[in-house]
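Undergrad: Now for the letters of each chain:
2 protein chains.
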Amino acid sequence: MGSLGNSSTKVDLSHHINAKSRARHPSPLKDIIKFMGHDGMVSFAGGLPHPSLFPLERAKFDCLPPAASLTEDRHSLDQEKSDGVSLTFGRGLSTGDQDLTQFLQYGSGAGNWQLISLVKELTERVHSPPCEYECLLHPGNTNAWAKVVGLLCEDEDHVIVEEFTYPSAQALWIPMGIKAVPVAADAAGIIAENLRHLLSSWDEQERGSRRPRVLYLVSVGSNPTGTTISTQRRREIYEICVEFDIIIVEDDPYYFLQYPGYGTSVETSFTPKPIPEFLNTLVPTFLSMDTQGRVIRLDSFSKTLFPGLRLGYFVANPVFTERLLRATEVETQDPAGLSQAFALGLLQKWGIDGYLTWLQNLQLRYRTRRDWLLDAFNAHFDLLPAEKSPMPEAQGLVVCVKSSHGDKIKPVFSFVDPGAGMFVWCKFYFEGVHRFMEIEGAGKSNDPEQDFANELWQAWATELVLLTPGSYYHAWQGPGKMTTAARDADPRTAHFRFSFATPTKEEISAGVARLAKVIAKYWA
Amino acid sequence: MGSLGNSSTKVDLSHHINAKSRARHPSPLKDIIKFMGHDGMVSFAGGLPHPSLFPLERAKFDCLPPAASLTEDRHSLDQEKSDGVSLTFGRGLSTGDQDLTQFLQYGSGAGNWQLISLVKELTERVHSPPCEYECLLHPGNTNAWAKVVGLLCEDEDHVIVEEFTYPSAQALWIPMGIKAVPVAADAAGIIAENLRHLLSSWDEQERGSRRPRVLYLVSVGSNPTGTTISTQRRREIYEICVEFDIIIVEDDPYYFLQYPGYGTSVETSFTPKPIPEFLNTLVPTFLSMDTQGRVIRLDSFSKTLFPGLRLGYFVANPVFTERLLRATEVETQDPAGLSQAFALGLLQKWGIDGYLTWLQNLQLRYRTRRDWLLDAFNAHFDLLPAEKSPMPEAQGLVVCVKSSHGDKIKPVFSFVDPGAGMFVWCKFYFEGVHRFMEIEGAGKSNDPEQDFANELWQAWATELVLLTPGSYYHAWQGPGKMTTAARDADPRTAHFRFSFATPTKEEISAGVARLAKVIAKYWA
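So the protein sequences, as listed, match chains A and B. Residue numbering for the first sequence follows the UniProt record's numbering, starting at 1 and increasing by one per position. Residue numbering for the second sequence follows the UniProt record's numbering, starting at 1 and increasing by one per position.
Where hints are given, some of them may not hold.
A pair holds if it fits inside one copy or across any two, identical chains being indistinguishable in the list.
Claimed, not checked - Taking lysine-lysine pairs in the DSS-like style, the calculated list, with each CA pair at most 30 Å apart, reads:
1. Lys34 to Lys521
2. Lys30 to Lys521
3. Lys517 to Lys34
4. Lys505 to Lys34
5. Lys120 to Lys30
6. Lys273 to Lys349
7. Lys60 to Lys349
Hints in this document: simulated from the structure, not taken from any laboratory. Keep in mind it's a predicted model, so treat the numbers as computed, not measured.
When you get a sec, could you build the whole thing from the sequences and use the hints?
TA: Written out as structure tokens, the structure is:
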């Protein structure tokens, strides 16, 4: 906790609520709801359809056990025969594990209370937030972030983001005239001194808007960089946010997908660790350090159960969850009932311990996939630690090819071994690449780096391998800051993102071979 | 079609798209998606988790048949034994009716294409829109309306609504500084001449904003009034909207809950009509008359399947659905996968004809519930057609009590027999009610009507019967127009809404008896 100490301090953060969110009023119908529960009350007040008119009678979900063998070619039927779990929901009493009707009816906006209790229990186990907080269900982190922008941001604001950030999060607020202020990062996450400098030197006149109040971070296994912010860095960032009165939005879908570094010993099959030991391997969250209630955490089941569930939860200061609930009532209502039923049923059957075991199981799979990709890099290139490479100022590992002279090695790209998530973020070096120097030398392009990156992307696609161009992840600073030079980015470099979430081991191996073929041509 | 003819005219309505919606850009990731489908492509581009990591293996939903007996006390197990339908979803081939994996994975934003095809087929069958249109899934009409406001409205706009309108629809835009402009209605819906007058006499200076461009209507079984806009009135309204370039938002969750008037012969058990005959009983929608593409229709499964599904669909001009899809990508993503799976499975198993049979089945239930309420009115009061009542200028039926003198009858409230939906909207008459005259006479209240209505509501609640106060449904015209006098409403009247959706027959009967007891006291 550094100089902040461990004790929670009651800080009034209500001034962060924007004008539109402040103007939301609770529905007057809420006044009536408390009367509805009175014994013997006849209510003509609610517009809830009678449950006898719902055509769904029973639902059953067959699920894997937490420690299931998750190999990509498994036969699910074999699995389930041994130790699968079934979730059953029926109408009325004694027709299933849970009464289905409550999930078919309109909800209150906050979501099913039993599910909320369970995610609170999980939050306590994993984060032990030092501050007062509430949990509120939401239909996925995409919508959660939209609601947070609706809570905190005014039109024309600036929002602080990582130098490379998740494009859909930006696409949401670009129409509001909001701009990103990127903070540069190293392998431990955004650099605290840069953040402090940005805030302490903010000039409203020059920038055209008030000092930023929101820091948006995908703080574990970031999309696209794969970076996980270190514990020490988190403490520094949190202190700066206290000093400059910043709200931290901790968008953390990859939190449970943290794994050991490349090259450390690998288990071949899954053996769960005791839960406390597992939890100790996870970096402490901003929420876990939040003595003031200035962290809004966006948790999601998309990466841990499945994305189509469209279900997650906010963990935040009650001052914020109350306003988020008001927005939920008029913008989305409760998350879908079958999704809530499934998540509740599964968390009950598995138990919180079972869920944490499942997460360890996923961890091993993502770690294995990361290894498949880096093994393929190793098979087709020379991988050198930056300090021993021709690119000693790079971060992490430098991927090199032998030059056509045979003896010298040329750097192609560098990356930081991701310790979480599903992405490897690669910085490509174009210095001395003949075709790039030709484009640059012609003097006709106002962004030779981007033009060459496009050509490279196209050459890969022609060889049947796809990467995501790094340009998709540039912080949006307005139309005047789109070229490599205008963004003040390193000249003669560009980024590409590798996702190892979807392809099989064989596809990864074939894909990297195709990649290497094109690289050999350009970097020869 | 009146003077507009039947032919579709290509009208450019893109100027209706507001500044923020215009500023949305498609995600650049979309450019990559088309490459992903190439034969043999290895993609490191997508962030989709490998499906082997999803813990759900099979889902099964047991459902009623379309012509099920839907009495409130039915025993579902008996039902299902005979002719219920089961929807099964498994992973991979031949493990269910449909492959489950597609519903667990991230979607494109537009929703499952098979489900979209089915709702298009349904739209053709029911509305045969004369104009080019697209269907786009959404997570319920609450969110659909939020997206439409995000598409069409600017801050400080005025939106045209029915005189009494759905409060949650307003609560969404009140924080934007938007105000409602109400149009008075009679039993056939909002009055066309009033709409024309409002638009032709709009004074931007005086009103402080541009002429309204959006007409929001719950056009069948309106919440709260129960009114269904007549065919003739719809034609008049549509022509005015063409003349004044208005977009009609047809929020129509109760469309399929249209039923015959009170007192006509009632079937005791359900016998489905042939589908074309059923469709002929339904009022033509605005969409069915929309030659220009200026209707945005919000359809929902909340009232026809179940609310917890959080699933519905837009039907609109492609110019609008394209922008709505852009908003969907960054605000919500696809509706929940299990909801989509359920709806697709059910529509496939039942067929479109089966669904239309189910809707007839629901119709009878809502009609029966409406009858329960009006039968209870009949049992406790004298019901007179307005023209034969002491309140001849009223609409519909007037509910009276015998005065304490015994021979004279006093009007208590009037209502229009609803031909659709779940609500009876009652206008109460306070003229000559001793307690009301006392409040008014004291001269201390700036809204005696509202004060007496509150007292009445409280007296009912004390007797264990709840109504919804009419004040919840007043069009929001700003803080200066909240009292009965400021709203220019009929003096010495106030409204209450009865919902007959939820209580049982016995509860309805008991509730009306309690109501009558309080009324007898006040109107004696």
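Undergrad: A separate judgement is required for each hint: does it hold in the structure or not?
TA: Checked hints:
1. Proximity of lysine 34 and lysine 521 under a CA criterion of 30 Å is satisfied inter-copy only: 26 Å between copies versus 72 Å inside one chain copy.
2. In this homomeric assembly, lysine 30 and lysine 521 come within 30 Å of each other (Cα to Cα) only across copies, at 28 Å, whereas the closest approach inside a single copy is 68 Å.
3. Proximity of lysine 517 to lysine 34 under the C-alpha cut-off of 30 Å is restricted to the inter-copy arrangement: shortest distance 23 Å between copies versus 69 Å within a copy.
4. Proximity of lysine 505 to lysine 34 under the C-alpha cut-off of 30 Å is restricted to the inter-copy arrangement: shortest distance 23 Å between copies versus 57 Å within a copy.
5. For the identical chains of this complex, lysine 120 and lysine 30 are intra-copy neighbours only, at 24 Å inside a copy versus 37 Å across copies, given an alpha-carbon limit of 30 Å.
6. In the homo-oligomer, the alpha carbons of lysine 273 and lysine 349 lie at most 30 Å apart inside one protomer (20 Å), although the nearest pairing across protomers, at 45 Å, exceeds that limit.
7. Both within a single protomer and between protomers do lysine 60 and lysine 349 lie at most 30 Å apart by alpha-carbon distance, with minima of 13 Å and 18 Å respectively.
Going through the hint list in order, the structure satisfies each hint without exception.
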